[in-house]
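Please model the complete structure; the sequences and the hints are all you need to start from.
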Amino acid sequence: MAKERYIGIMSGTSLDGVDVVLCEIDATSCKLISSLEYPMPQALKSDILTMIDGKTTLEEVGQIDHRLGVLFTQVVGALLIRENIDASSITAIGSHGQTLWHAPYGEYPFSMQLGDANIITAKTGIPVVADFRRKDVALGGQGAPFAPAFHEFIFSNINASISVVNIGGMANITVLGEKLIGYDTGCGNVLLDMWINKHQNVAYDKDGTWAKSGEVDYTLLDAMMADDYFLEPYPKSTGREKFNEAWLDAMLAKRGSSVCSLVLEEDVQRTLLELTALSISNEVLKFNTDVALLCGGGAKNSFLVERIKALMPNIEVAIAQNADEIEAMTFAWLAYKRIHKEVINLKDVTGASNNTVLGCVYL
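When we follow our numbering, the leftmost residue of the sequence shown carries the number 46, and every step to the right adds one.
Some hints could be false.
[Unchecked claim] Derived lysine-lysine pairs resembling DSS-like cross-links, with alpha carbons at most 30 Å apart: (1) K243 with K168; (2) K331 with K386; (3) K386 with K76; (4) K168 with K386; (5) K224 with K287; (6) K90 with K224; (7) K90 with K251; (8) K180 with K257; (9) K224 with K386; (10) K90 with K331; (11) K180 with K392; (12) K392 with K48; (13) K224 with K48; (14) K48 with K100; (15) K354 with K224; (16) K345 with K90; (17) K354 with K243; (18) K287 with K180; (19) K287 with K100; (20) K299 with K281; (21) K76 with K251; (22) K90 with K100.
[Unchecked claim] The calculated label-pair distances, taken between Cβ atoms and stated as ranges, are: (23) D92 with Y150: 18 to 28 Å; (24) G170 with E277: 42 to 52 Å; (25) F332 with N202: 12 to 22 Å; (26) L309 with S133: 36 to 46 Å; (27) L309 with D98: 19 to 29 Å; (28) D98 with D252: 21 to 31 Å.
No wet-lab data here; the hints were simulated from the structure.
Note that the coordinates shown come from a computational prediction; the quantities given were computed from them, not determined experimentally.
Ideal Cβ positions, reconstructed from N, Cα and C, are used throughout, including at glycine.
Below is the structure:
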């Protein structure tokens, strides 16, 4: 079968931008042809964070859904124009949407992503596949992470035992083997970005420079690592509804009740980086793979990578090829699988009752 062209759109929990990729895909390969990182408009990011904080109305939910749909359309258009690509040559677009709330536990589990796919297909003339997570939740699964299925597809030919760690707003691990294992290890960049934005008024800590200027506060680190999430068995997943400013404030208050001295802002940043590195390395070490491949935005943070390597010296840590684009490529590939009505191997990852076809097609 000839290769088909798909576009993947990913906007993660870090809210730093929208990644769009063009891939050529067939039954055995997914080749990255082109990619574009499109900045998240600051006003939209601010409104999304306000909504996540619980200050919203139904009207605002509808407006955010529309605004994200328009943004995703603009991102696709920018890639098509830059690469001089005819929209008719694209089989479909896979759009993850923007997660607003992820709550796979409880009596009424759900995962909510916004970004109206009707707008994308109406404006581009390209079929769109979206709403990937909710059927997995309906089948009793976590609805996340989905990257492990794609990691299995692209990395299974490597002749070594492999774990893949994606470090976005949240971090997740994939362990390749006879049984596919994958789950969220906890926070990735989300708390690091929040803290530096609050105290330094920049979007992220480039190369962990500010964190490197501080010292680990082990009382704070121990309090954070004692959180129930890090102790729970997989399958499990998480998001901003768990790891957020209120969570960090509670941890700082807990530290303050046991230590009289004030903690410096740069020491908090350093401790948050250690939290990410330690929560990742703890999970990789459980499986003792030969190689750990890192991808996602956190793989560009050289100090974070340095700390992950130091915490597991007997494991080869490397940056995956196309590390920045893998998440968006995942949704291009998931669109391919949906168009071809193929089931996704995720039940062992998410805890769903069975593997199934995922995503809804907007023609």
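Right, here's what the structure says about each hint:
1. K243 with K168: Not satisfied, since the Cα-Cα distance of roughly 37 Å exceeds 30 Å.
2. K331 with K386: The hint is violated at about 35 Å.
3. K386 with K76: With Cα atoms ~20 Å apart, K386 and K76 stay inside 30 Å; holds.
4. K168 with K386: holds, 25 Å
5. K224 with K287: Within the cut-off at roughly 28 Å; holds.
6. K90 with K224: At roughly 38 Å apart (the allowed maximum being 30 Å), K224 and K90 break the hint.
7. K90 with K251: holds, 20 Å
8. K180 with K257: Given that 30 Å is the threshold and the Cα spacing comes to 42 Å, the pair is violated.
9. K224 with K386: Given pair K224, K386 holds - Cα atoms ~23 Å apart, limit 30 Å.
10. K90 with K331: Roughly 36 Å between the alpha carbons, so the hint for K90 and K331 is violated.
11. K180 with K392: holds, 12 Å
12. K392 with K48: Given pair K392, K48 holds - Cα atoms ~27 Å apart, limit 30 Å.
13. K224 with K48: holds, 28 Å
14. K48 with K100: With Cα atoms ~46 Å apart, K48 and K100 exceed 30 Å; violated.
15. K354 with K224: holds, 26 Å
16. K345 with K90: holds, 22 Å
17. K354 with K243: Given that 30 Å is the threshold and the Cα spacing comes to 28 Å, the pair holds.
18. K287 with K180: holds, 22 Å
19. K287 with K100: Holds: K287 and K100 sit about 17 Å apart, inside 30 Å.
20. K299 with K281: Holds - the C-alpha atoms of K281 and K299 are around 25 Å apart, at most 30 Å.
21. K76 with K251: Measuring from Cα to Cα gives roughly 29 Å; hence the hint holds.
22. K90 with K100: This hinted pair holds, its Cα atoms lying about 14 Å apart.
23. D92 with Y150: 18 to 28 Å: holds, 27 Å
24. G170 with E277: 42 to 52 Å: holds, 45 Å
25. F332 with N202: 12 to 22 Å: holds, 19 Å
26. L309 with S133: 36 to 46 Å: Distance hint for L309, S133 is violated at roughly 57 Å.
27. L309 with D98: 19 to 29 Å: Cβ of L309 to Cβ of D98: about 26 Å, so the range 19 to 29 Å holds.
28. D98 with D252: 21 to 31 Å: holds, 29 Å
Hint check: violations occur at hints 1, 2, 6, 8, 10, 14, 26; the rest are consistent with the structure.
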